[in-house]
Each structure stands twice: as structure tokens, then as C-alpha cells.
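Keeping their order, the protein sequence lines are chains A and B. Going by our numbering, the first sequence opens with residue 1, and the numbers climb by one from there. Going by our numbering, the second sequence opens with residue 1, and the numbers climb by one from there.
Hints in this document: simulated from the structure, not taken from any laboratory. Where a beta carbon is used, it is the ideal one built from N, C-alpha and C, also for glycine. It is possible that part of the hints are untrue.
[Said to hold, decoys possible] Among the chain B residues that face chain A by a calculated CB cut under 10 Å, a handful are:
#1 R22
#2 R25
#3 E70
#4 A73
[Stated by the list, open to error] Just so you have them, the derived chain B footprint on chain A, three or more residues with Cβ under 8 Å:
#5 63–74
#6 86–97
#7 102–111
#8 198–210
[To be verified] 20 Å max Cα-Cα, derived DMTMM-like pairs, lysine to aspartate or glutamate:
#9 K204/A <-> E67/A
#10 K164/A <-> E113/A
#11 K106/A <-> E14/B
#12 K123/A <-> E113/A
#13 K204/A <-> D18/A
#14 K14/A <-> D282/B
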Amino acid sequence: MIEAQGLTKRYGDKLAVDNVSFTVQPGRVTGFLGPNGAGKSTTMRMAVGLDHPTGGTITVNGKPFAEHTAPLREVGALLEAKAVHTGRSATNHLRGLAATHGISRKRVDEVIEMTGLHAVAGKRVGGFSLGMGQRLGIAAAMLGDPRTLILDEPVNGLDPEGVKWVRTLVRYLADEGRTIFLSSHLMSEMAITADELIVIGRGKILTQGPVQEIIDSSTRASVRVRSPQASDLAARLQRDGVTVTSVEESLLDIAGLTAPEIGEAAASAGIVLHELTPQRASLEDAFMTLTADEVEYHSADVAHSEGALQ
Amino acid sequence: MTAAATSHRADPLESAHLSFARVLRSEWIKFTTVRSTPWTIGVTILAMVGIALLGAISLAATADMVASGEIPADAGVPDFGPRDGTEMLNLGWIFGQIVITVLGVLTITGEYSTGQIRSTLAAVPTRLPVLWAKALLVAVVAFVTGLVSVAISYAATLPILDPHGAVPDLGDGETIRVLLGVPLYLTMIALFALGIGALLRHAAAGISAVLGLLLMLPLLGQFITVEWFQDIAEYFPMSAGSMITTYATDGPHLSPWEGFGVLAIYVVVIMAAAAVLLRRRDA
């Protein structure tokens, strides 16, 4: 269990984390979602005592992290790939960490095996790919068989097999009753992996709750309608609670009506439909809606950039 | 690579917890598993023995020239004795301190430059045991390296110094102090370097700062002749600390042990500052 109360972190005049409160429950996979620079990593670093909060508190399993007598048994953290001396082999890196807690060489070999690193365990970490670095970070996090796992962007740089493995692993660990807190800026990944979501933007919590609830509350389902008489149809459907957006000349995006309702309305008016597709709102859409004003680094839209290039 | 492998809750993990001895063991593993460690230690010993040999050879050459009349007997060259031999074989610390500085600084800054420090401090969130373990480690390694260098130097220069009656007299208490002064001095330099490295958290900055403080200050003393600067000159880290590696003279105000004490005070102050900042700063 991870509990943050009024957690705040200020770097100079920049407020990285702004009065954030949340609880990460055991037995669930909790996703920490936000655009780059939103404060995810800073929050996670404060959870394991690497950064000191400017205000508020964050505790892990009931205590500030540093007060645990066996920190690696409480929290395994992957905070960045390759937080490792480049001149040391993977095995020796893990041996060094394990030694702080008197964890046996046998356990070191177990986590190497578990993360599929056995083939490269004796090689210097400096030559590792990002994906291997991630696996080594996860191996280090698993050393103490911890009750809580904090994983910052764990699937970054992993191949599809690795991504699937991380998903399976965190699901399994959560089902064992452990607390799993993982961050990502990839909403699609969260939709598959997480049970609960905490969405953060510019250091503030935008929303938190079960994944499906967040999708439902942040987006409206819509129906895509293609028709040669699109403007006719639009005029007939306009009423309170219905939003009709003209995507292109013969294509409408209609929110507030179900596909059967639209189909029946079109039939009764004798309007021809070429397409009638219910659009399922994705977490991606929910995320874009939630963070529209909170993204730190906006990109210019592509059409605009292209114009600038000409 | 199956998730099922994680279900294995190994019993030995039940006794897993932090202790200083374990942190020390961890630091030892880290220290011995990077290539720079054997290199720096090897280079230190080789250079120190090499310098001792050069010193002994030049002593022997001078003595030969006096004996053959090439240097007139009234030229002011004193008769060489065991103490001259001791000082010749002891010269190695001048180079040894440079390599030991690199070792001390890299022990901590190597973790900052690679990001390793975050893995280390996430495992030992109280942080200070890491600093004390590193301090104990570099101190012992510097002492042993210095001791081994002096021992090999003694053996290597023996055949050169013996014909001139300049072999160090190991029955003389002050000679023993002078010879042990080299490992003692290098021990303090290792801690000095570790502390500065912990404060600056950057290898190049740390090494420059330590060598600047050690070597540049006394160099300045040769050019800046104003009285107050000359008065403080013997309190500079290297000037004060290295007195332990030579026989006491009438000149300076500090005795060898007092000089060593001055260096120890610098080390204590720097390590205390490093400890406070290690606790306070974000990693």
C-alpha cells in the first residue's frame, strides 16, 4: 500500500508535484498515467526516499520508506533503466544490491532466471540494450520478493514478448496480493494492464478510479455516420443532448444517440446511409480529454508543421 | 521467464534486512567488481616502488661519485645513513597520493555518473551507512596499498642501499613511524578524496578539486612570499599531512603527528559536510 497526503515537490520555481493525495491498494495493478513531465517519476522517487518532498508525506506499507528495516523486502523499484554502474556485470550488480540485505546468491540467480537475463548476466551492463536494462531493473526490483512494486515506465524499450511478460508478471503479482504501482505515458498500455488509474498532469491529479469508470466519465460514446445526405440527417437529429460534428463532407460524428436510434431516424426520413459505426471511447481519448490543457510539451499539429516546411 | 517463478517465497528472505556489516559487504562487492579498482591499486604500487628505486639509485650514484672523488669531499654532500635511505624509498607517496585521490573520488562519483547511486540509495534509504562503508573501505585499501608499496620498496632497494650503509633501520622507532607514515598519509588522502567526491558528485570536478587543494596550494606557497601566507602554508593539507612521512626537523612549528592531525581535521570536516548533504540532497 502506498499513501500520499498533500505531497508536493518544488524544484526552484517549478512545481513538479502539486499537493497530490492518493492511495495505491494492494491486490490491484494501479496505473499512474500522465504526459511527459507530469510529475510521475518525481512522485515515484519520493516514494522510495530518493527525492525529499517539499511538503506533505508519502508512506509505503504504513511507514516512510527509509524507516523500514528491510527496504528491499517492502518495495522493489524500477525508477529508470540502467541505474547501474556501466562497468559491472548484471550478476555483480545484483549481488551488490542483495548483499545490503543479506539476500543469498541463490535468490540472485533466481531473479536472473526469472527475467531471462541468464545469457547476458556475466556481461558488462554498459553494453546492454534498453530492453535488457529494463529486465535488469525489474530483476533488481524483485530481489527482496517485495510486497510493493514501483515500476516507472517498465515496458519502455521492451520487445513485444517483453511487454507481454511484464503484463503477465504484474497481473500475477497483484493477484498474489501485492501492491503494484506502474507508470506510463502510453494510455493503450494502461487500458490493458491496469485495474485502477491515477491520472496526473502538470503535477496535479486530474482523476483517479477504476479504469473503466474513468473512460466512461471522461468520454461520450459516439456513432460515425456516412451518408450522401449528411447535412439533411444532421438537421433532423439536432436537438438537446445530441452533438453532431461534421468530420468531412459526407461523414458525421454523432454523440448522444445510439446507432439504432440514428438508423431508424434515417429510415423514417428516407435518408440513405453508407456507414453506421458505434465508436467505443478508448482510454486514449479519455486521456487526451483529461490532459488537453495539462500537457507540458505541445507539438504543433502535423499539417501546420508541413506548411512551415514548404 | 515465467511469472510462476516469482511465487517462490524463499525462506532465506525472511531474515533479509539491512545492517552495517551487510552494507559494507555490498560496497566491497561493488568495489571489487569494477576494472578501475585493480588498475588503480596496481598502478599505485608500481609507481611507488619505481620512484623508490629511482631514489635509491640516485643516492647510490651520488655516494659513488663522492667515493671516486668526482664530487669533491668538501662539496657539502653529507655522509649517507639509514635515514637518507628511508627518505628515498619513501618518496613514492608523492605520486601515490594522485592515484589514491582518483580511487577515493571515483568510489562515490562513479555511482553518480552512471545512475548507480539511485539503486544504492533505494536499497539503503538511510544513506549514511553507504558513506561510512565506502569510507572504511577506501581507508583500509589505501592503507594496505601504501603498506605493501613501502614493504616492496624496502625489499627492492635493499641491494642498492646496502653497500652504502643506507638501509632503513627498522629497529629505530622514528624510522618505523616515517615508513608507516606513507600508508597513514594515503589513508587520509583517500578519505579526503572520498569526502570531496561526495560533496561535488562529479568525477572530474572532484579529482581537480582534491589535486588542486593538495598540490597547488603548496606550489603557491613557493611564489607568494607575504608573511601571513607563509605562516598558513604549513597548515595546507599536503604540507601538514605529509610531515608524517619524513623525519622531524627543527623548521616548522608543527610536529609530524600534529601535522597529521591537521589533515585529519580537514578530513573530519569534509566527511561531516558530505554526510549532512548526502542526507539532505535529492539523489
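Discussion item. Let me make sure I understand: some of the numbered hints might not hold for this structure. Which ones are they, in numerical order?
Written reply: 3, 4, 8 and 9
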